[in-house]
Each structure stands twice: as C-alpha cells, then as structure tokens.
Amino acid sequence: MATMSVAPPVSGVLLNDFSLQVATVNGSGSQSSNLVLLRTIFQMGVPISGKNLFPSNIAGLPTWFTIRASRHGYVARKKEIDFLIAMNPETVREDVLGLDPGASVLYDEPLKANDLRHDVTFYPVPFDKLVAGVCPDAKLRKLVRNMIYVGCAAHLMNMEMEEVERALRQQFKKKQKAADLNWGAVKAGFDYAVTNFPQPDRCRLERIAGALSKTAGKIIIEGNAAAALGCLFAGVTVVAWYPITPSSSLCEYLIEYLKKYRRTPDGKATFAAVQAEDELAACGMVLGAGWMGARAMTSTSGPGISLMSEFVGLGYYAEIPGVIFDIQRVGPSTGLPTRTAQGDLGFVATLGHGDTRQIILLPGSVEECYEMGIAAFDIAERYQTPIFVLSDLDLAMNHWMAEPFAYPTKPLDRGKVLRAEDLTRLKGDWGRYRDVDGDGIGYRTLPGTDHPAAAFFTRGSGHNERAQYSEKSADYTNNLDRLKRKWEGAREHLPPPVVEHTDSGEVAVIAYGSTQAAMVESLDQLREHKINASYLRLRAYPFAAMVREFVAAHQRVYVVDQNRDGQMFELLQLDLGPELASRLRSVRHYNGLPVDARSLTDAIVALEGAK
Amino acid sequence: MSTTAPTPPLVKLNRLGLPQSDYRGSKTTLCAGCGHNAISERIIDACYEMGVDPHRFVKLSGIGCSSKAPAYFLGRSFGFNSVHGRMPSVATGAVLANASLQALGISGDGDTASIGLGQFLHLMRRNLPLIYIIEDNGVYGLTKGQFSATADLGAKQKSGVINEMPALDTCALAVLSGATLVARSFSGDKKQLTAILKAALAHRGTVMIDVISPCVTFNDHEGSTKSYKFVLEHEEAMQELSFVPSFEDIAVDYDPGTTLDVPMHDGSHLRLRKLGVDFNPTDRQQALRVLTDANANEEVLTGIFYVDTKKPDFIAQLGMVDTPLAQLPENVVRPAPAVLEEVMASLQ
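If you read the protein sequences in the order shown, they are chains E and W.
In this text, residue positions in the first sequence follow the numbering used here: the first is 298, and each later residue adds one.
In this text, residue positions in the second sequence follow the numbering used here: the first is 470, and each later residue adds one.
For the record, the hints were derived by calculation from the structure and aren't laboratory data.
It cannot be assumed that every hint is accurate.
[What the hints assert, rightly or not] Taking CB as the label site, the calculated pair distances span:
{"hint": "1", "chain 1": "E", "residue 1": "R782", "chain 2": "W", "residue 2": "L479", "range": "43 to 51 Å"}
{"hint": "2", "chain 1": "E", "residue 1": "R782", "chain 2": "W", "residue 2": "G502", "range": "39 to 47 Å"}
{"hint": "3", "chain 1": "E", "residue 1": "G514", "chain 2": "W", "residue 2": "S569", "range": "41 to 49 Å"}
[Said to hold, decoys possible] Residues from chain W that keep clear of chain E, each with C-beta distances beyond 12 Å, as calculated:
{"hint": "4", "residue": "G548"}
{"hint": "5", "residue": "F549"}
{"hint": "6", "residue": "S583"}
{"hint": "7", "residue": "Q615"}
{"hint": "8", "residue": "T686"}
{"hint": "9", "residue": "Y723"}
{"hint": "10", "residue": "P732"}
{"hint": "11", "residue": "H734"}
{"hint": "12", "residue": "T778"}
[To be verified] To give a feel for the contact side, a few chain E residues facing chain W, derived at Cβ under 8 Å:
{"hint": "13", "residue": "A566"}
{"hint": "14", "residue": "A569"}
{"hint": "15", "residue": "D575"}
{"hint": "16", "residue": "F754"}
{"hint": "17", "residue": "V902"}
All C-beta atoms, glycine included, are put in the ideal place defined by N, C-alpha and C.
Input sequences plus hints: build the corresponding full structure.
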C-alpha cells in the first residue's frame, strides 16, 4: 500500500501556474504520455509550452520533458520545477534533491524517493504492478507504462478526464487498439491516485473557459515544423540536406508536406528533395539550383555551417540566391549536440573567406519561423545571395503555442531577372554585375534563356561587371564596394526590429531569437524591481537604422545573448561605433538549457545595482 | 531592281543553321599543347555536329586547369566555375532545377579523385543526367606538378620523385558506383573521343569519360605514364566506335558477329566493333574485370567499358514534373489557402 510521506508545509495553491517535469530514460516511450499531458492542459484553456531536454543517445541515457502551464501566458523555461515525475533510477537522487522545498514528486515506488528528503510531497506509485493489470502482453508493457503517470497527474492536478481522453485519441490518431490500451493505463493510474492520494496537489488546473480561454483556436507546433511550412508556402522547389540534430526535423517535416501538398493531379512532384552525402554537397546543390533559377534551401546546424562556409563565400561573391536554416546547438562534435545555444551568430555574420557580410534573419517565435521561412526566399532572390535563418534547438524542437499561421498576402518576389524579351529590348547590352539601379544589385539571366547575349560565366571574386574573367584591381574593388552597398541597402528591407518603448529613457534591453519568451517574462519581473525597461527585439542582421536611434534614446542598454562571448553585443558594438557602444551592457546565458526569465532578471538587477 | 542569286554560304552550317564558330568560347589561357585544349575542340566538334542548341546547354566545373576549360568552348552557353572538388553537387542542384537542359561537368584528376571523390561517387550513384569529363593528366598543374590520385604507381614526377601510391581507377569507380555510360579516351584520339562525346550527348543518365590529357608542362617527360609518348605507345582501344545520330540514315550495314549496336535514348545508335578484347560493355562485371586486367598489365585501355540505357536517371527516380522546377509558376508552387487551413486544423 502506498504511504504518504511526512506532509511538508504546503504553501499556496499554484493554480494554472506551475512547471511539471518528467524524468525518464531515453527510448522508454515517454513522449506520447508527455504530449498527452501537454495537450490536456492546453485544451483546458491554460497556456503551455513543452521542452524536451534529451541526450545525444538512442536509448538508455536520462531525458527530461518539462511542461510549463502559465495562466499569464509565459512560455519560457521556468527555472524551478514544481512537480516532478521521477521514473529514472539514474537521476532520481539528483532530480529530487534539486527541487525547492514544497515541490511534489510522483515516483516509481521501488526508487524510494521518499528517503531522500522530507520537505517535499511524495506520491509513490507501483508502476509495474499497475501496468501488469491493464496490459496482459508483457512485451507491450514498456510502451504503456508511462501512461499511468498521466492518470495519476490528472487526478492530482484536477485535469478533466474527457480532455485527457481527447488528447490521447488525437495522439494515437488512427491507431484505435493502441489508443484503447493506453487509455486503460491512464484510467488505472487515475483510479490508483483517487484511492491513495485523496487530496489534490498544490499544482492545480482549472479550466479557463469560453472567451477567457487563452488557448482557444491556437495551435501547438515545433519551430522546425513552422519553418517547413514557411518553405512550403514560399514555393521551395529544391531541398538538399544532410541529417544533423537539431535541424533534421525541419527537412523531414518539409518533405512530408511536399509529398502531400506539392504533387500535380497525375502524381508528379513539383519539387526535388535530396538527402545529400554531406553538408558541403547540400550547400552546393542549393547554389546550383539557385543559379538555375529555382527556390532552394537546406537546413543544418553549426558543424554543417562550418562545412558550408566555402560554398557560402562563393555564393556571396557569385551572387546566387539560396536559403540556409541554421538550427543552432552547442559547440562542435560530440558533447552537447542536443542542447541549445545562439552560438553561431558571430560566425555566420561574416561566413566565407575574404570580405564577406551575410544577411541573417532571426525568428523569435514559431510564427516567425513560418513568416521568415517565406520571407527568406524573397530576400534571397531580391538580394541574390545566400540568406541565413538562425533558429535554435529550443525554438526548433520544442512545443510552442501560436495563433494559426496567416496565408501569405504578398506574391513571390523573384528579384531582378532579365528574360529574352528584356535582352532584345536592351539590344543585348547588359552586364550581370552592373549596378544599374544604384542599389548594388545587378540583373541576372537564367540558364536556358533563349537569347544570344543571355549567357554569362559564373565564378568567384575575379570578374568585371560583365562577368568576364578579370584580375584587374579596379574591377575587384569596384565589385567589393558594390557588394557592400548591396548589403548596406538591405538594412531597411529586412524584418524590422520590434520595439516597446517606455518613457523612462534610462534602461533598455535588446534581445533576439528564442530569448523572446523569457525576455517578456523578465520585463514583468524587472518592473517588480522598479526597473521599467524598453525592449527592442532584433529580427535581422544587418541592423535597421532604428536600432541606433533606440540605443541613442537610452542610457543603459542590456544586450541578451545565449552564448558566452556576447556575439550580438559585439556585432552591435561594431555597428554602432564607440560612442553609442559604451551604452551597451552584455547579459549572457550559456549553460545549454533554454534561457529562463529569472536568470535574466537576476543578472540585470545585479548590473543595475552596480551601475 | 536587280536580282542577285543568294550567295552560297561560305561557312558550313549545322542542322540548327549555326556555324561552328557559334560553338567556340573565349581564347584559351592553358599552355600551348595542353591536352585539355584538344578536348575542348572535340566538345565543340561534337556539339556542332550533333546540333546542340547552345542556349540549352550548361557547363560546370570545379577548380584546376581542367576546370578553367569550360570558358574556352560554347561561349553562348551558361558556365559555372565552382569550388574545388564540388562541381558534382552544384551540377546536381542545377540539373534538378532544370532537367530540360544538357549539362556537362568538367573536372580534373585532382578535382575528382582526391578532394572531390565523395561527390563524384554520389553523383554516379544517383545516375544524374550529366556528362562528366575528367581531363586526366595525373598531376596538379595550377600548383606546379604535384601527383594526383590517378598518377600510376612508380610514375616519375618532373623533379624525379617516384609516386609510391597506387592509382585510383576512375572508370572502375564509376562503373561500381552506378554511372550508366563509362568510357576512357585520349585527348589525342580525335575519332574515338568525338564518337564517345556524341554517344554521351544522346545518353540519358550519368556519362563518365576519363580522358587522358597530357600536361605538357609538368607531366610529359620520360618516366611519366601520362605523357603523349607513353599513351601513344600503350594505348589499346577495345573497340572501333562509330555513332549514327538520330537525324541521319542508319541503314549502314554492320556485322552483328563483330559489332554491337546500342540504341540510344534519342533514337541514335552507338556501334562498337570489337578489336583486341572480346568484351560486352553491357556486362558490368566484365567491365570491372577488363579494367582490373588492364591496370595489372599497365595498358592504357580506351573505349566504352559500360553502357546501360535502361536504368532510370535521377529525375525519373524522383518522379518530377516535366516542366523545369525553376520555371514552375506561383500557383503551382504555393499551395492554396485551404492547405494551410488543413494543416492548422491538425495542430489545434
């Protein structure tokens, strides 16, 4: 029989505002259970986010899934865990000892978690015994065992069982038998909890109904799926990729969508998707296709970016459109490839040898992964250069709420392309790299154009305005200066920063990418500390002029980076020049975990105290 | 009003009405006597005689002396001089984007067999519709004569250094990895190389042609196995090749006992009359054996080692539409609003 532990002093009820962590072993099939919990809370009108902290491993190493429920709508990682479901013998000690007093622990009874401390609430559950009762086939038990904690949590947190069942049936979709078996396990857990834990936990849910619901009509999606949808609606036709965590799922989602939605009535594909032999080849295919006039993309992560750098440099000089998603992760090689960071920013900003300046888009939400997924192709063809979309593991692979995505309103921008009739009108007098419009962007022709003057020869740095081979100094500097003009001209034509001004004119924050979720929460926390900060969220590099004005309007500007060296802080310093740069302060988060609001608030409060 | 009879054209025109000069490129900057220049000439001949439409032809290359060559032929065709060893991937992207154009990749032995070996094999493996030519001289010319991976074991560098590594046989690798027309020729063998190039233009799939192309500056001395003298002395042609284009009368007799007739994709015919070696180039294993034997016997065996006109090319494998992907209009590539609504509903 289960025993209630020594009852800790129960602080206030955490109504629709807590974090729940499930600690399991990688490969134990807990993902379905966790997603059922996530969807149930969402269906009850309570805002959620779901984060998977997983090892670089197929099976056997510890993994944690964290769900945050927040009636305030905060969806960043919460630093403290309020309710732990401890299923992993390897980590139970560390997991339980890491909790704040007053937290709750539901655990697999043989783990004896209740021996570890006395200031948290324990809910022991005999998983093996319960699963044997609902799953006669011993081989399947491992797969349904985790559903038992869903039932227990449902009771303890006052989840609506109809919503649990709806979430579960959606999870298993057409697999009726699997759904029934799992539902049996949920009910067994629920019944056990009803009998043995009559009191609800302090982490409690209550439906936010009707018009007040903060989730009605919303979707749950991962950033990589959102970016894939962006590519789909951008009309991508050539996809070349090489598997690498955390970017693989972007192309996998995209290929799934393309197969479903991009076939002609007779079943022919209006796309080509190639799993390349490596990232060099993936990037080469993107450039070849972009040169030929197709919308081409690849997605990768830091190590792949390293391999692509030679091609990217060529793409910059030869001026070939292409879209490269960099789903950033921690560092090179083995170690923490499944942890998040914004570590590639500085590297990508000048990727390529020689003088290079790249254009980077910085989505801060799943909506922006979608929108920038579309915009990137327009910008690539407008500026005739590789465009980077810098996402990260947190944004890309975790579950985020969003408003349903809007259908694009603008037609595709295919950029400056001369067709045969244009060449006839020009009497064949054109130069591929000639700056006709003063914006640094030349006109290009596409292979296959039926005009005797259409063809040109594409090569790297050594060419004149007519794309003829040249090693003349004047031709080279002319070309370099034009490329710089083109890049400078992009500043006001990229997704502009999002700015929230306060009147104080004193303190401001600049952040970008996945930091957005933690930043908005931190700004609220800062107000509790009497720090009323303006906020500018960067969405692209190079920076719009507005960034300079924003910095000039504030005394102290905190720049938040999820990397050790303050890479955005450094790019801003370079861009703003010494006088304004002295107003910048760097706040850095780099422990491999998604950034949380409390850490940011604490850092800024400390720096403000020391000002 | 005076009428004058039209002057007969002084220049011969091909079936498209184009003079051969329309197939020329800019002036070569390679060394005088370089085998690569002869290969450019053969490409010009083959394209002119076959009536290739220059604006429907693209030339791609990697880096090296060989990879400069595309600038020296077919000046009215688009060209792309990419990065070292990576022409195959650029060509793959280009062909996927517009498979209606004829693509030609020019590489060298360093560009292919050393830095580019991975991409080379994967291109063959996909049977991408492309003609891949290796202008093979066994040395790195632009960096002044270092051995490449096709230099033969025991070959002597100009400085006297002896190569201690065995050569990679690019033809054997191509047969092994999935190319569907594999040949070796010699830049000095005008008749054979032109016939192979014409067959290449008629083929649908990956054509790999290794052309021994002596480097007059760094690898044409005594002791080299890629010199003019060595190749002339050691070349053994397997077949006498002739090519009958689809637009010509094919009623030329041949003896089925000694000659193999290979019908090509475009209705033309490749004819291979056996010479020394009794050999069937549609047999992959036999092709590999012949290549292995030739290497063991230090023969420069030339001719067509392998041809397969049945295997679907990469475009067919991918089930793509006939319209080039690069030319698909917005209403085809951007799905309707109902698609977005369907996806959104599935995520709610």
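Tested hints:
no. : hint                          : result
1   : R782/E <-> L479/W: 43 to 51 Å : holds (48 Å)
2   : R782/E <-> G502/W: 39 to 47 Å : holds (44 Å)
3   : G514/E <-> S569/W: 41 to 49 Å : holds (45 Å)
4   : G548                          : violated (4 Å)
5   : F549                          : violated (4 Å)
6   : S583                          : holds (15 Å)
7   : Q615                          : holds (21 Å)
8   : T686                          : holds (20 Å)
9   : Y723                          : holds (37 Å)
10  : P732                          : holds (27 Å)
11  : H734                          : holds (20 Å)
12  : T778                          : holds (23 Å)
13  : A566                          : holds (5 Å)
14  : A569                          : holds (4 Å)
15  : D575                          : holds (7 Å)
16  : F754                          : holds (4 Å)
17  : V902                          : violated (38 Å)
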